[in-house]
Amino acid sequence: MLELLIVSTLNGVLYGMLLFLMASGLTLIFSMMGVLNFAHASFYMLGAFFGYQISRYTGFWIGLVAAPLVVGGLGALVERYGLRNVHRHGHVPELLFTFGLAYVIEEVVQMIWGKLPVDYRVPPLLDFPAFTIFDTNYPAYKLFMLAVSVAIFVGLLLVLARTRIGLIIQAALTHPNMVGMLGHDVAKVFMLVFGVGTGLAAVAGVIAGPSLVTQSNMAGLLGPILFVVVVVGGLGSLTGAFVASLLIGLVQTFAVSLDVSVSSVAQALGITAQPAGGVLGDLWTVTIAQIGPVIPYLLLVVVLIARPTGLLGNREA
Amino acid sequence: MAAPAVELSGVTKSFGATQIIAGVDLAVPAGERHAIIGPNGAGKSTLFNLISGRLSPTSGTIRLEGADITGQRPAAINRRGLARSFQVTNIFPKLSVWENVRCAVLRAMGYRPIFWRGIEHLPGVAARTAEILDSIRLGHRAAMPAGMLAYAEQRALEIGISIASDARVILLDEPMAGMSHSESEHATALIREVTAGRTLLMVEHDMAVVFGLADRISVLVYGRIIATDTPERIRENRAVQEAYLGVAAA
Amino acid sequence: MTDLVERAPAGDWAGGQTEKAVRPRTGGRLGHVVPWVIAAAILLAAPQIFTSGGSLTMMSLMGIMIVFALSYNMLLGQTGLLSFGHAVYYGLGAFFTVHAMNAVTAGRLPVPLAAMPLVGAVTGLAFGIVLGAVSTRRAGTVFAMISLGLAELVASGSHILHSFFGGEEGITTNRTKMLRLFDLSFGPQIQVYYLIAVWCLICAVLMYAITRTPLGRLCNAVRENPERVEFIGYEPQTVRLTAFCLSAMFAGVAGSLAAINFEIVNVSYLSLHQSGVVLLAAFIGGIGHFVGPVIGAVVVTLLQVSLSDLTEIWQLYFGLMFIAIVMFAPGGIAGLAMMHGPLIRAGTAHRLIPSYLLALVPALVMLAGLIALIEMAFRALVKAGDGTAMTLFRIPLDVAGPLPWIIALLVAGGGFLAFRATWPRVAEAWDAAATAAKEA
Amino acid sequence: MNGSIAGRALAGMIALGAAFAGTTALAAPATLKIAFVDPLSGGGASTGEAGLKTFQYMAEQNNAKNPDLKLEVTGYDNKLNPQESLVQIQKAIDSGARVVVQGNGSSVAAAIIDFVSKYNDRNPGKEILYLNYAAVDPALTNAKCNYWHFRFDANSDIKMAALTNFIKGKPEVKKVYLINQDYSFGQAVRSAARAMLKEKRPDIQIVGDEVAPLQKVNDFSPYIAKVKASGADSIITGNWGQDMSLLLKAAADAGLQANFYTYYGGGAGAPTAIKQTNLADKIFQIAEGYANIPYPPGHEFEKAFRARVGQELIYPRVVNLMNILVKAAGQAKSTDPKAIAKAMEGIHNDTLYGQDSFMRPDDHQLFQTMYISSFGPIDTAKNFDSENTGWGWKGIGEIVAKDTVVPTTCKMDRPS
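Chains as they are written, first to last, in the UniProt record's numbering: chain Y, 1 to 317; chain P, 1 to 250; chain E, 1 to 440; chain A, 1 to 416.
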């Protein structure tokens with residue numbers, strides 16, 4: 001049991017940090033531009049595929065650096081030649097634009113790399129078990145993933161606190177109406193933020209690719225969860241995104257290890273009666289592990305009803 | 001004696017540590033045209049937002065015709081008979097001028113958002129809409145999208161929407177902001193005409209308008225009312241001159 | 001390009017206008033009836049022209065999609081609510097209908113099939129009230145995200161509640177085992193088509209009528225400026241919730257019709273994908289006009305069923321088309337068409353035809369070049385296993401050599417340049433026609 | 001849609017021409033149009049295409065040497081959606097198809113069975129036939145069985161029966177963990193495994209029984225952590241697609257030393273995933289065939305197939321299906337689905353690997369020899385590898401058709 005607890009906590013934190021790498025970019029973009037980038041997870045996927053492609057020629061490490069740069073550049077171009085033109089039509093068309101973009105990116109990825117998982121491997125340097133607890137190996141690569149996420153998290157904090165652009169972004173986070181007053185370089189700042197945000201998602205993609213499966217549906221799998229994270233954390237709040245990422249990472253990981261259902265609880269309490277079947281019967285026997293993936297959405301709905309601004313947000317969309 | 005149309009007692013409003021409204025007491029009797037003046041940042045718009053329900057006061061009570069409306073939602077306050085206009089034009093830009101006014105007229109005639117009666121067949125709505133449009137001199141613009149109106153026309157529409165709901169108390173927040181001299185003369189006459197028989201509370205910077213229109217004036221400085229009196233006596237009030245009119249009087 | 005609606009000149013207002021207000025023209029009684037008569041005639045006549053089983057099925061699908069897309073536009077177009085979960089009401093409507101049909105069959109209750117869409121309506125309405133109360137408290141992005149969360153919740157929940165939703169394989173029924181009226185068995189597709197057509201017409205008329213009620217107009221007002229609505233005495237949330245419930249009700253009817261048409265309902269009815277399709281249909285058709293979603297429903301259904309015969313990567317084209325519409329024609333197909341309305345009324349629209357034709361040729365050339373590039377890339381990258389030889393537009397070619405690529409690039413690039421060159425002429429013609437229209 | 005009018009006019013002219021030609025015309029080979037309805041775009045496309053190519057290859061082979069019957073296979077993209085499948089079948093019927101083949105997704109299969117049954121009721125004389133090559137939900141030949149549906153893949157109960165017969169002789173299997181997908185098929189695997197293990201090996205302990213949401217899990221590490229904690233030596237899983245790849249990846253990462261008994265270890269993409277994890281000879285598959293079965297004609301076929309199609313044969317059962325279809329049409333001397341269906345009931349046929357198979361008339365389920373194989377490094381000069389990994393399937397055991405028979409609850413409703 002203790003073994004399960006430790007491994008699950010590690011896995012949960014790791015998954016949470018990955019979510020945060022993406023959620024931070026999404027939050028930055030939303031705060032500055034008011035756009036909830038539906039295609040954010042698609043850039044994560046592009047990061048994984050570019051990382052894979054580059055690593056085939058140059059090895060993992062160059063891919064780790066180059067892929068986010070390429071994807072970030074791509075993101076900046078999307079902002080410059082796509083989003084900016086849609087901006088004048090309002091927020092709904094912007095959201096729809098990114099919605100369409102997500103769709104197209106998935107199709108293009110399928111076109112280039114096919115629909116099957118690609119053989120994106122952990123670099124040999126890190127392909128060993130880091131430690132063994134109760135005879136379960138914990139791969140070194142996962143620790144590396146954790147280290148990278150934490151490093152970027154710290155780096156992001158430093159940039160926000162110490163640089164001019166960071167201060168501008170911070171100002172924009174707290175006073176979204178003031179973004180327009182940044183002066184003549186607002187367009188460049190937007191492009192930069194979009195590029196950096198998508199680049200961060202790509203970093204998550206590059207490091208997650210070898211550990212999880214690099215496949216054309218990885219964006220679709222993660223995308224909705226990502227929105228849950230930023231909305232639950234509070235739209236526009238970086239701290240909120242951080243808390244929500246860890247929360248959802250842990251909740252999802254731990255839910256899997258709970259084989260508890262109403263019927264098992266009832267049995268433990270000595271209650272033998274149970275519904276004959278039908279919908280009640282289904283609810284009676286479903287385990288928490290089975291509803292694990294639903295929990296984030298449940299959380300989303302509950303949080304939004306109780307606190308429409310999200311856990312740590314202070315403004316509504 | 002009848003209750004005042006609008007009555008504020010001990011109203012304060014703070015944003016964080018900053019107190020914007022620092023205890024306002026004000027009673028505006030029914031039928032009075034009352035102007036609120038004061039330097040920029042005195043809290044005039046905040047006061048209007050508190051009365052109309054856009055913001056809730058930190059403390060104090062607000063009464064409308066004797067009933068406590070403190071902290072109620074704007075729609076509820078409106079239904080009790082208070083309407084307001086905005087300093088920054090706040091209309092329905094893509095709807096026609098006709099639709100803009102008609103939405104407010106619907107409320108005045110007691111229609112809920114129903115979906116079983118055609119809007120064109122509601123008795124009296126079209127006639128009343130036309131009447132209001134004529135009174136704000138936008139009859140010829142009825143079919144135009146409101147966003148395409150000239151600035152002064154949008155300001156007139158803003159007032160039109162506010163009076164269309166037949167409220168007994170009307171709050172106008174800088175109705176003349178940005179108008180040319182001839183336009184604001186025009187607007188003064190319009191306001192006088194459309195608010196006849198109602199209680200009017202207005203914030204305005206144009207002193208000619210204020211002194212021409214108001215029965216009484218309150219002066220708001222740093223979130224406090226330092227004087228409430230007739231225009232003549234306000235003009236002579238030393239405290240007011242020092243605090244606010246000083247520059248203008250010199 | 002000249003805008004047909006001109007901004008009012010400044011300084012006009014103080015000039016002392018005395019013109020009396022007249023209610024803007026709304027088309028008169030005849031103007032309201034004629035389009036519906038035409039619509040009914042089209043619905044009636046279509047099966048006489050397109051008689052094959054496949055086209056009957058397709059037209060039935062279009063009818064269902066029209067109801068669904070129109071109901072969606074009550075939210076997006078009319079009230080400004082962007083929902084990513086409208087299929088929830090469509091799907092639940094379908095499930096309750098299928099269970100009702102089976103109950104009627106089993107209990108031999110005398111309920112005719114034709115009345116079954118009412119079950120969907122009640123279901124949609126009921127769930128609209130419950131879930132709407134949760135989600136319509138906010139508009140904008142928060143509403144969109146709640147709708148997404150609720151949709152995922154319902155979709156995932158449907159997998160757990162196996163006994164009601166029937167898991168992956170769903171619930172089946174038999175529409176011919178119901179009470180028969182006028183000796184209609186509803187076995188043949190043609191009878192189902194007419195059933196759908198009738199319901200489609202009824203729903204469309206009702207939804208159109210709703211746009212012309214106090215609710216309909218207040219929805220527009222809430223979409224434009226919810227805050228101002230509060231200050232004229234209406235709660236935006238009440239307006240949103242009412243619109244949401246009605247929209248869910250009509251979505252439920254659409255779900256019922258789908259259940260009757262397919263005689264099988266499964267969890268894919270509730271899926272995010274289904275919600276995405278209706279969003280695409282409404283937007284591509286145009287959310288700014290009542291008729292937009294109708295056009296969108298027809299186009300999207302046609303593309304979905306037929307485009308996959310032509311190319312394997314139809315979804316890519318679908319996505320690109322959607323992005324193009326969001327970027328260049330946010331009014332959708334209907335928006336583009338309606339732009340010409342004033343010109344047609346003024347009789348100057350024909351002046352545009354020559355310049356349109358002129359621009360159309362290079363546009364098609366450019367499109368052909370792009371399609372060729374995409375298809376060739378697809379062949380070279382994904383289908384490499386099938387060899388490099390392929391036929392495109394009936395021309396055999398080999399993507400291994402550089403020649404087809406160069407040609408396709410030239411065609412696409414040349415088309416683009418020529419298109420750009422013709423564009424000023426289109427703009428010029430438009431200006432001329434618009435000016436003439438205003439003078440007329 | 002205008003095409004259909006032109007098409008009918010053309011058909012009319014041909015009919016007229018045929019009438020003029022009268023009885024003197026040479027008997028042209030009858031043509032049987034087969035509609036292949038499976039995903040050909042989106043996530044399932046690669047699997048769908050592999051199936052379509054196999055069908056087309058078989059049609060090509062038949063048309064080259066069979067003077068009496070021409071087969072024509074046309075692909076229809078159902079996007080893995082039941083409703084869309086019905087629309088596509090309608091299109092196929094319009095263009096003259098009388099036989100529908102499909103395999104991906106039991107939910108789609110159930111919808112097609114339902115559709116075909118109603119269609120045939122409502123359109124007597126125009127019956128269509130549904131041949132199922134891969135949908136393995138047992139219900140399709142039990143509660144939902146239908147006269148017009150024939151299944152050529154062993155259903156999941158049959159596979160489990162074969163698998164448990166194999167495990168019966170493996171005393172080293174002591175603790176079994178079940179991981180499946182949370183939908184009808186996964187549930188079927190799970191309950192069959194529980195019931196059959198209990199019956200054949202009551203000593204085996206089932207230390208875990210897990211269902212994970214279908215295609216929704218990003219990381220199987222938490223599940224693997226539980227497997228490790230349970231001390232299981234074997235895992236039985238019906239997972240396919242990414243649920244399979246991710247499961248294996250997580251297992252390899254955690255250094256899990258257990259055997260995986262799988263249904264779809266040979267599914268498209270799975271061999272690549274196995275190779276990546278380096279889990280040599282730990283993944284077993286139960287199937288109706290694999291490339292390296294020591295039977296020379298099978299090797300010949302595999303070689304010719306790979307040369308022509310450019311990929312390995314994933315669906316030996318499609319070969320069996322097409323052979324049986326041609327055989328039945330020959331016996332019936334007709335291309336009418338009604339006659340073919342009649343001839344197909346109870347038909348015996350030798351499989352691609354030279355073993356007897358038979359179509360049980362009670363439920364229209366084909367029974368054939370099942371093979372258990374394991375995946376690992378092979379000598380590619382002498383054997384076939386999979387997905388160019390250099391690894392291939394090696395035989396471990398085989399269970400002849402009669403030992404795979406499981407009872408059915410089907411009450412077949414036969415047309416009069």
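The hints are simulated quantities; they were obtained by calculation from the structure and are not laboratory data.
Wrong hints could be hidden among the right ones.
In silico DSSO-like links for lysine-lysine, alpha-carbon gap of 27 angstroms or less [what the hints assert, rightly or not]:
hint, chain 1, residue 1, chain 2, residue 2
1, A, Lys303, E, Lys177
2, A, Lys168, A, Lys282
3, A, Lys382, Y, Lys142
4, P, Lys94, E, Lys438
5, A, Lys282, A, Lys174
6, E, Lys20, P, Lys94
7, A, Lys303, A, Lys382
8, A, Lys216, E, Lys177
9, A, Lys70, A, Lys327
10, A, Lys144, A, Lys126
11, A, Lys170, A, Lys198
12, E, Lys177, A, Lys144
13, A, Lys198, A, Lys282
14, A, Lys411, A, Lys144
15, A, Lys394, A, Lys382
16, E, Lys177, A, Lys338
17, A, Lys282, A, Lys33
18, A, Lys382, A, Lys144
19, A, Lys70, A, Lys282
20, A, Lys394, Y, Lys142
21, A, Lys174, A, Lys200
22, A, Lys144, A, Lys402
23, A, Lys411, E, Lys177
24, A, Lys198, A, Lys168
25, A, Lys33, A, Lys70
26, A, Lys394, A, Lys168
27, A, Lys338, A, Lys126
Covered by chain E, according to a simulated footprint, are these stretches of chain P (three or more residues, beta-carbon under 8 angstroms) [what the hints assert, rightly or not]:
hint, segment
28, 36–48
29, 97–107
30, 133–141
31, 146–153
32, 199–209
As the structure is a prediction and not an experimental result, all values here were calculated from the model.
Glycine included, C-beta positions come from ideal geometry on N, C-alpha and C.
Does the alpha-carbon distance linking lysine 177 of chain E and lysine 144 of chain A stay inside the 27 angstroms limit?
-> holds (18 angstroms)
Would you say the segment 146–153 of chain P counts as covered by chain E, given the rule of at least 3 residues with C-beta under 8 angstroms?
-> With 6 residues close enough to chain E, the hint holds.
Taken at face value, is the distance from the CA of lysine 382 of chain A to the CA of lysine 303 of chain A at most 27 angstroms?
-> holds (12 angstroms)
Straight-line alpha-carbon gap lysine 382 of chain A to lysine 144 of chain A, limit 27 angstroms | violated (44 angstroms)
Does lysine 282 of chain A pair with lysine 33 of chain A here, judged by a C-alpha cut-off of 27 angstroms?
-> violated (43 angstroms)
Given as covered by chain E, does the segment 199–209 of chain P meet the bar of three residues or more with CB within less than 8 angstroms?
-> violated (count 0)
Hey, lysine 382 of chain A versus lysine 142 of chain Y, does the alpha-carbon distance stay inside 27 angstroms?
-> With a Cα-Cα distance of about 39 angstroms, the restraint between lysine 382 of chain A and lysine 142 of chain Y is violated, given a limit of 27 angstroms.
27 angstroms Cα cutoff - pair lysine 198 of chain A, lysine 282 of chain A = The hint holds at about 24 angstroms.
27 angstroms Cα cutoff - pair lysine 411 of chain A, lysine 144 of chain A | holds (9 angstroms)
Within a Cα-Cα threshold of 27 angstroms, do lysine 282 of chain A and lysine 174 of chain A meet the stated pairing?
-> This hinted pair holds, its Cα atoms lying about 16 angstroms apart.
Take the C-alpha atoms of lysine 144 of chain A and lysine 126 of chain A, compute the straight-line distance between them, and say whether it is at most 27 angstroms.
-> Given that 27 angstroms is the threshold and the Cα spacing comes to 22 angstroms, the pair holds.
Given hint lysine 168 of chain A paired with lysine 394 of chain A - CA-CA distance at most 27 angstroms | holds (20 angstroms)
Violated hints, in rising order: 1, 3, 8, 17, 18, 19, 20, 28 and 32; the structure is consistent with all others.
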